[in-house]
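Asks: So you can see what is in the structure, the chains are spelled out below.
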Amino acid sequence: MTAIQHPRVQRPGIRRISAGRRFKDRFVQALVYLSFAIAVVPLVAVLWMVISNGLARFDMEFLTHSMRNIGAREIGGGAYHAILGTLEQVLLASLISIPVGLLTAIYLVEYGRGGRLSRAISFFVDVMTGIPSVVSGLFILAFWILALGMPFSGFAGALALSILMMPTVVRSAEEMLLLVPNDLREASYALGVPKWRTIVKVVLPTAFTGIVTGVMLAIARVTGETAPLLLTVFFTDSINSDPLNGPQMGLPLYVFDQAGRPTDAAIDRAWAGALTLILIVMLLNLVARLIGWWRSPSRGR
Amino acid sequence: MSQQIQVSGLDAYYGKHKAIEDISMTIDPQSITAFIGPSGCGKSTFLRTLNRMHEVIPGARVEGKVLLDGEDLYAADVEPVSVRRMIGMVFQRPNPFPTMSIYENVAAGLRLNGRYAKSEVDGIVEDSLKGSNLWNEVKDRLNKPGAGLSGGQQQRLCIARAIAVKPEVLLMDEPCSALDPISTLAIEDLMAELKSKFTIIIVTHNMQQAARVSDRTAFFNLAGQGQPGRVIEMDDTSRIFTNPAQKATEDYITGRFG
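As they're listed, the protein sequences go chains E and P.
Residue 1 is where the first sequence starts when you use full-length UniProt numbering, and the numbers rise one by one after that.
Residue 1 is where the second sequence starts when you use full-length UniProt numbering, and the numbers rise one by one after that.
Since the hints were derived computationally from the structure, they do not count as laboratory data.
Careful, some of the hints might be misleading.
[Claimed, not checked] With a cut-off of at most 30 Å between alpha-carbon atoms, the simulated DSS-like pairs for lysine-lysine come out as follows:
no., chain 1, residue 1, chain 2, residue 2
1, E, Lys195, P, Lys18
2, E, Lys201, P, Lys18
3, P, Lys166, P, Lys195
4, E, Lys201, P, Lys130
5, E, Lys195, P, Lys247
6, P, Lys16, E, Lys201
7, P, Lys195, P, Lys65
8, P, Lys118, E, Lys201
9, P, Lys65, E, Lys195
[Stated by the list, open to error] A partial selection of chain P residues facing chain E, derived with a Cβ cut-off under 8 Å:
no., residue
10, Pro58
11, Asn113
12, Gly114
13, Arg115
14, Ala117
Just so it is clear, the structure is predicted and the values come from calculations on it, not from any experiment.
Even for Gly, the Cβ is constructed at its ideal location relative to N, Cα and C.
Using the sequences and the hints given, assemble the complete structure.
Replies: Below, the structure is given as structure tokens:
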């Protein structure tokens, strides 16, 4: 028997890495690092500016006093009314949009399954995601305040914010629920567990960490919204702890208001307000991380 | 404890596609029945019709009768959930709940279905883990996550979870296909022990496994591409593997096709 020969097919063999490949590798690596650096520059710059300018007025007086009876050129005063307003408005917006958003996501993933209704809902959620924030403010202004004759209030602001928040919550929760393997649902059904209990006890806990992260991102997004508040909670320099009645303040509004005034004292207050806003969002993120860590399955309980 | 299953004239569909057709068989209590046959011939589909898991898939439906000790599981007023409590299931891939510890996994069927005293649950968890030959390996780390076990241990955890709710019948859908030979042997030994308490039905692609563990064997096959699967032959395992009545069965088990 003669040996089989393939004259035209070269055997692969072991080759050395060529200089060209080495260069390409280095080049692309450098490109990746460069892009990363470019992406980080604005973030670091923003943080640096806000911290260095904001620290000047970031004191106890700022955190505990309102702007009541503070003249335009006077130093002093604070953002207590705005911090309180932001916390209340965001809390109310969360109370409205998290349950609605979560239940919508559960419907879409667990019950709708590509039916006509769920496709329609999906479409409108996508449309809602694209609503500019000022439009949601205008809508609440036209519908809630002008048509129904309700007063400017923190609650009206919360309504506008929840319009912005809801689609984000639905989308992120939907994606997290879709990540839960079907095997787990089947394992639960096979134990004789009803569908709703399977969702509550197996599906939601499995997706919990991801859902919390998504919800926190949604909260962080609306916390910094200015335009919808401008049209719905109006302005005030006094403390108004009742979100249902009368104009309130919000931190973004406070920054917007103070930054528009022509004195150094006001500009300093605006920077301190921006710093407070960033700290609040960071604190919320930290809490979300903690909840996620506390509930994560890898932590041997 | 375990009960007889009688199936008559059973068809199962995925939407318009008929996956299995006209299946009738009797499965004796306290025995192991193996389903063999080429891929896609409806073995798993048929297995899932036995505890009404088939209809969980959107568009899937079943026609025909499945009697568990004379009671039709597909009667109009039967709650599917109660059927699944009596007929447990072990899946191809081990699927412990990732958010739960070993203890919670075994207790899941009890805890998710009602209230039990802690001491009662403790006892059942221990019995079930002993029943699935896992107790000695995990007794010191019951509070660690179930997902941290090896594949074979996870599968035995899933068996413990299934037997903790004290079903009459245990369905196993290729329980060893993702496991190494040692773990497979452990599970086969376990099945031989469990046989005294449960009626066991196992789908397997491994014919040696069917020959080793089962008392009776059913051979499934398709008439052709796109045709529904049928039972070609069902008999005592020793007969199926030595002297089958049908030519198709003989061709399959001797490796001439499939």
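Asks: All the hints need checking, so say for each whether the structure fits it.
Replies: Hint-by-hint comparison with the structure:
1. At roughly 26 Å between alpha-carbon atoms, lysine 195/E and lysine 18/P fall within 30 Å of each other, so this suggested pair holds.
2. Between the alpha carbons of lysine 201/E and lysine 18/P the distance comes to roughly 34 Å, so the proposed pair goes past 30 Å and is violated.
3. At roughly 13 Å between alpha-carbon atoms, lysine 166/P and lysine 195/P fall within 30 Å of each other, so this suggested pair holds.
4. Annotation: proposed proximity of lysine 201/E to lysine 130/P holds, straight-line Cα distance about 26 Å (limit 30 Å).
5. A distance of roughly 45 Å separates the Cα atoms of lysine 195/E and lysine 247/P; the hinted pair therefore is violated under the 30 Å criterion.
6. Between the alpha carbons of lysine 16/P and lysine 201/E the distance comes to roughly 33 Å, so the proposed pair goes past 30 Å and is violated.
7. For the proposed pair lysine 195/P and lysine 65/P, the alpha carbon gap of about 25 Å is at most 30 Å, so the pair holds.
8. With a CA separation close to 19 Å, the supplied pair lysine 118/P and lysine 201/E stays within the 30 Å bound.
9. Between lysine 65/P and lysine 195/E the CA atoms are separated by roughly 24 Å; this keeps the pair inside 30 Å, and the hint holds.
10. Nearest Cβ of chain E to the Cβ of proline 58/P: about 5 Å, under the 8 Å cut. The hint holds.
11. Of the supplied interface hints, the one on asparagine 113/P holds, with its beta-carbon coming within about 6 Å of a beta-carbon of chain E, less than 8 Å.
12. Because the beta carbon of glycine 114/P sits about 10 Å from the nearest beta carbon in chain E, more than 8 Å, this interface hint is broken.
13. Taken as an interface hint, arginine 115/P does not check out: its beta carbon lies about 13 Å from the nearest beta carbon of chain E, beyond 8 Å.
14. For alanine 117/P, the suggested interface contact is broken, since its CB lies about 19 Å from the closest CB of chain E, more than 8 Å.
Consistency with the previously given hints fails for numbers 2, 5, 6, 12, 13 and 14, ordered from lowest to highest.
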